[in-house]
Amino acid sequence: MAIQMMQYMSGANWRRQAREAADAARRSGAKALSEIAAKAVLSAYGVATPRGVRLAGPEAATDAALSGLKAPLVAKILTREGAHKSDFGGVRLNLSTPADVAEALSAIAAAAAKAGVEADGFLVEEQAAPGVELVLGGVADPRFGPCVMVGLGGVFVEIFEDVAFRACPIDESEARAMLAELKAAPILTGARGGAGVDMDALVAALVAFGGPNGVMMALDGEAAEIDVNPLIAGPSGAVAADARILLTTEAAPAAEPAPALDRQATRNAFRPLFQPESIAILGASSSGGGFGNEVISHSLVFGYKGSITPIHPKAAEVQGLKTAPSLAALDEPVDFAYVAIGADAALEALGAAPGKARFVQVMSSGFGESEEGADKERRLLETAQAGGFRLIGPNCLGVHSPRGGLTFVGGADPTPGGVGVISQSGGLAVDVILRGGARGLKFAAVTTLGNSADLTPADLLEHHFSDPETEVIGLYLEDVRDGRRFVQRLNEHGGEKPVVMLVGGRTEAGGRAAASHTGALAADARLWAGIERQTGAVVVDTLDEFLNALLVMQARGGGKGRPTRRVALFGNGGGSSVLAADAFAREGLETPRFSAPTLARLEALGLPPGTGLANPVDTPAGTLRHRDGAVAGEILDILIGEEALDAIVLHVNLPVFTTSINQRVDVIGGLVREATRIGAGGGASAPRIVLVLRSDGAERTDTRRRADRRAALEAGIPVFDELPEAAKALGALARWEATALRR
Numbered sequence: 001m002a003i004q005m006m007q008y009m010s011g012a013n014w015r016r017q018a019r020e021a022a023d024a025a026r027r028s029g030a031k032a033l034s035e036i037a038a039k040a041v042l043s044a045y046g047v048a049t050p051r052g053v054r055l056a057g058p059e060a061a062t063d064a065a066l067s068g069l070k071a072p073l074v075a076k077i078l079t080r081e082g083a084h085k086s087d088f089g090g091v092r093l094n095l096s097t098p099a100d101v102a103e104a105l106s107a108i109a110a111a112a113a114k115a116g117v118e119a120d121g122f123l124v125e126e127q128a129a130p131g132v133e134l135v136l137g138g139v140a141d142p143r144f145g146p147c148v149m150v151g152l153g154g155v156f157v158e159i160f161e162d163v164a165f166r167a168c169p170i171d172e173s174e175a176r177a178m179l180a181e182l183k184a185a186p187i188l189t190g191a192r193g194g195a196g197v198d199m200d201a202l203v204a205a206l207v208a209f210g211g212p213n214g215v216m217m218a219l220d221g222e223a224a225e226i227d228v229n230p231l232i233a234g235p236s237g238a239v240a241a242d243a244r245i246l247l248t249t250e251a252a253p254a255a256e257p258a259p260a261l262d263r264q265a266t267r268n269a270f271r272p273l274f275q276p277e278s279i280a281i282l283g284a285s286s287s288g289g290g291f292g293n294e295v296i297s298h299s300l301v302f303g304y305k306g307s308i309t310p311i312h313p314k315a316a317e318v319q320g321l322k323t324a325p326s327l328a329a330l331d332e333p334v335d336f337a338y339v340a341i342g343a344d345a346a347l348e349a350l351g352a353a354p355g356k357a358r359f360v361q362v363m364s365s366g367f368g369e370s371e372e373g374a375d376k377e378r379r380l381l382e383t384a385q386a387g388g389f390r391l392i393g394p395n396c397l398g399v400h401s402p403r404g405g406l407t408f409v410g411g412a413d414p415t416p417g418g419v420g421v422i423s424q425s426g427g428l429a430v431d432v433i434l435r436g437g438a439r440g441l442k443f444a445a446v447t448t449l450g451n452s453a454d455l456t457p458a459d460l461l462e463h464h465f466s467d468p469e470t471e472v473i474g475l476y477l478e479d480v481r482d483g484r485r486f487v488q489r490l491n492e493h494g495g496e497k498p499v500v501m502l503v504g505g506r507t508e509a510g511g512r513a514a515a516s517h518t519g520a521l522a523a524d525a526r527l528w529a530g531i532e533r534q535t536g537a538v539v540v541d542t543l544d545e546f547l548n549a550l551l552v553m554q555a556r557g558g559g560k561g562r563p564t565r566r567v568a569l570f571g572n573g574g575g576s577s578v579l580a581a582d583a584f585a586r587e588g589l590e591t592p593r594f595s596a597p598t599l600a601r602l603e604a605l606g607l608p609p610g611t612g613l614a615n616p617v618d619t620p621a622g623t624l625r626h627r628d629g630a631v632a633g634e635i636l637d638i639l640i641g642e643e644a645l646d647a648i649v650l651h652v653n654l655p656v657f658t659t660s661i662n663q664r665v666d667v668i669g670g671l672v673r674e675a676t677r678i679g680a681g682g683g684a685s686a687p688r689i690v691l692v693l694r695s696d697g698a699e700r701t702d703t704r705r706r707a708d709r710r711a712a713l714e715a716g717i718p719v720f721d722e723l724p725e726a727a728k729a730l731g732a733l734a735r736w737e738a739t740a741l742r743r
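Position 266 of the sequence shown, counting from 1, maps to 266 under the UniProt record's numbering, and the rest follow consecutively.
Worth double-checking, as some hints may not be accurate.
Stated by the list, open to error - In silico DSS-like pairs for lysine-lysine, Cα to Cα no more than 25 Å straight-line:
#1 K70 / K85
#2 K376 / K442
#3 K114 / K31
What the hints assert, rightly or not - Each pair of labels, with its calculated beta carbon distance range:
#4 P186 / D87: 48 to 58 Å
#5 G342 / H84: 46 to 56 Å
#6 T189 / N268: 22 to 32 Å
#7 A113 / P186: 35 to 45 Å
#8 E699 / P597: 40 to 50 Å
#9 P257 / D431: 52 to 62 Å
In case anyone wonders, no lab produced these hints; they're calculated from the structure. For each residue, glycine too, the CB sits at the ideal point set by N, CA and C.
Work out the full structure: start from the sequences and follow the hints.
Structural data, given as structure tokens:
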């Protein structure tokens with residue numbers, strides 16, 4: 001039967017036949033394909049499987065039945081249930097004769113009966129040659145679609161948890177990268193004198209499983225989880241010794257990839273949102289107390305130059321602006337309508353005004369964030385589709401666009417920049433705008449999406465990839481709708497611009513009741529880690545890390561055509577430098593020894609005793625006062641010429657220089673001036689300059705730090721408060737560069 005099915009699925013219609021096999025099994029009440037059928041699917045797509053035969057029971061283990069197989073043999077139970085065979089004794093190895101097989105089948109049948117597992121026959125196969133036991137798996141993630149996993153396999157797969165994930169499809173390069181991530185990777189290449197495995201065959205198996213024409217894509221919508229455990233890899237190939245394909249409850253059509261991104265059309269489509277010429281505000285009170293009033297006030301202060309029409313049923317004017325009684329009463333459609341009224345009133349107002357706005361942002365809550373409001377959100381989306389407008393939200397605060405003069409935040413810096421942020425939290429977006437602005441971030445736009453009923457993070461991602469003004473993209477995500485398109489766009493364009501992601505809820509497995517090893521291991525944290533490595537979009541853990549990563553990427557110019565890896569530390573505070581070297585090492589960054597010529601040049605400066613010239617360069621306050629403070633520039637001039645360096649982190653313990661003796665020379669000002677001089681004139685291939693200004697919290701120190709921060713930021717040098725922050729930020733940059741340069 002196994003051989004017949006393999007032949008049946010070896011034609012040009014593999015995908016259709018695989019889906020038909022899954023559908024037939026589902027109609028019969030099975031939760032999974034039989035192992036025979038599962039291996040037939042794998043074999044048809046190019047994953048090697050052992051030769052085998054199906055037997056009804058022990059009495060069928062005859063010489064004739066087993067004549068085509070070569071010992072040693074393995075016997076297994078076939079069952080439609082999802083239980084792991086090894087858990088109840090459903091597998092017997094190292095069988096030589098038909099008598100051995102018959103005895104093994106009897107023992108398996110008894111073990112299954114004791115465990116309450118119903119047998120649907122037995123499978124006898126040629127036992128795979130010894131090798132490294134791996135697991136090859138797939139899971140249908142509700143956001144990202146088919147995902148592939150590879151890792152150290154066998155019965156302890158969930159104990160070792162040495163696995164790597166990617167969203168499908170993958171190519172050969174991605175398959176090799178997945179294998180290289182494993183802690184067990186040295187075993188594959190022959191650690192401790194081992195023979196190693198056939199890496200080409202192993203990579204081919206991964207691509208046959210998770211590639212564009214592989215098993216996971218063929219069974220998109222049909223398979224919930226797939227386990228190939230073990231996939232035994234040896235010097236002469238890789239063989240799927242066991243396979244389970246768990247089916248979805250209902251079949252779904254396979255998803256089609258998104259068409260190629262049309263950048264010009266995307267720019268044109270989003271221009272009314274980010275550079276609106278006309279705005280309507282629903283929710284502006286004549287008394288001035290509504291949230292809509294705040295949007296009007298903030299945008300006018302921010303520099304908005306277009307027309308603003310408050311919508312008010314009675315008042316002729318609001319905040320000195322002429323009103324309209326309703327959105328429907330407008331003579332001409334507006335580019336952007338901001339809705340800050342109750343959910344029911346919003347539905348009524350928008351439903352009565354088709355064609356009156358191009359973009360509508362619904363700040364109001366009471367929609368899909370609760371079960372009670374889910375129907376209202378569905379009706380709101382239908383209203384948007386019928387009314388011809390794109391919907392932002394609901395349950396979101398607003399759009400911040402310095403170039404368009406539009407904002408919902410008071411006190412924000414109106415200077416346009418290149419950082420585009422997409423946030424599914426309005427409150428966090430306020431923090432990004434204000435705290436990020438204080439650190440030196442300059443924004444192209446910050447968009448809050450709330451429930452993302454219509455426009456999703458993928459839509460805004462397409463905008464920022466298309467927008468020539470956007471240089472760096474940041475996302476705060478909680479619920480990625482349209483996740484397949486999201487990952488596709490990151491794969492296609494993530495090497496063009498850095499992307500930083502702060503993802504909420506990564507520590508939970510999404511409530512998945514997993515029935516397979518792959519499903520049990522497919523926690524959000526692992527999936528997001530795989531997407532980071534696959535696309536280059538960097539995932540960070542905290543808001544501070546998010547802002548700092550955006551800051552260093554905003555100023556990322558230069559570079560040597562390689563990922564940032566080698567860093568020089570230069571500053572006052574030997575203990576701080578030692579601890580900093582540890583922090584940089586944790587981020588995969590090195591503080592290498594300087595070359596002999598560089599050390600010789602540093603020694604030739606004749607600096608006072610107590611100065612450390614190895615990396616880190618430890619320069620006490622007395623050293624930095626040397627030659628009226630000019631020594632800092634001399635050291636930086638030498639370090640900038642060190643070819644091995646990718647970045648120079650200049651750190652200053654500011655309180656040391658507030659004492660009377662150290663105030664005689666403006667050491668801090670000199671350091672900052674030298675850093676900005678060299679940072680601005682170092683050239684495209686020079687190491688990046690990063691500045692760390694450490695304070696004791698005293699007002700005098702913080703006042704000085706703010707002034708020096710401004711000077712450095714104006715020169716394009718990112719400034720951090722502590723050395724570990726700089727390490728995290730440069731580590732994030734290095735992770736993006738590694739993927740971008742690989743492409």
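Comparing the hints with the structure gives:
1. K70 / K85: 23 Å, holds
2. K376 / K442: Violated, at about 37 Å.
3. K114 / K31: At roughly 21 Å apart (the allowed maximum being 25 Å), K31 and K114 satisfy the hint.
4. P186 / D87: 48 to 58 Å: At 30 Å between Cβs, range violated.
5. G342 / H84: 46 to 56 Å: 53 Å, holds
6. T189 / N268: 22 to 32 Å: At 51 Å between Cβs, range violated.
7. A113 / P186: 35 to 45 Å: 43 Å, holds
8. E699 / P597: 40 to 50 Å: The hint (40 to 50 Å, Cβ to Cβ) holds, given that E699 and P597 are roughly 45 Å apart.
9. P257 / D431: 52 to 62 Å: Violated, since P257 and D431 (Cβ atoms, about 35 Å apart) do not stay within the stated range.
This entry does not satisfy hints 2, 4, 6, 9, going by the numbered hints stated previously.
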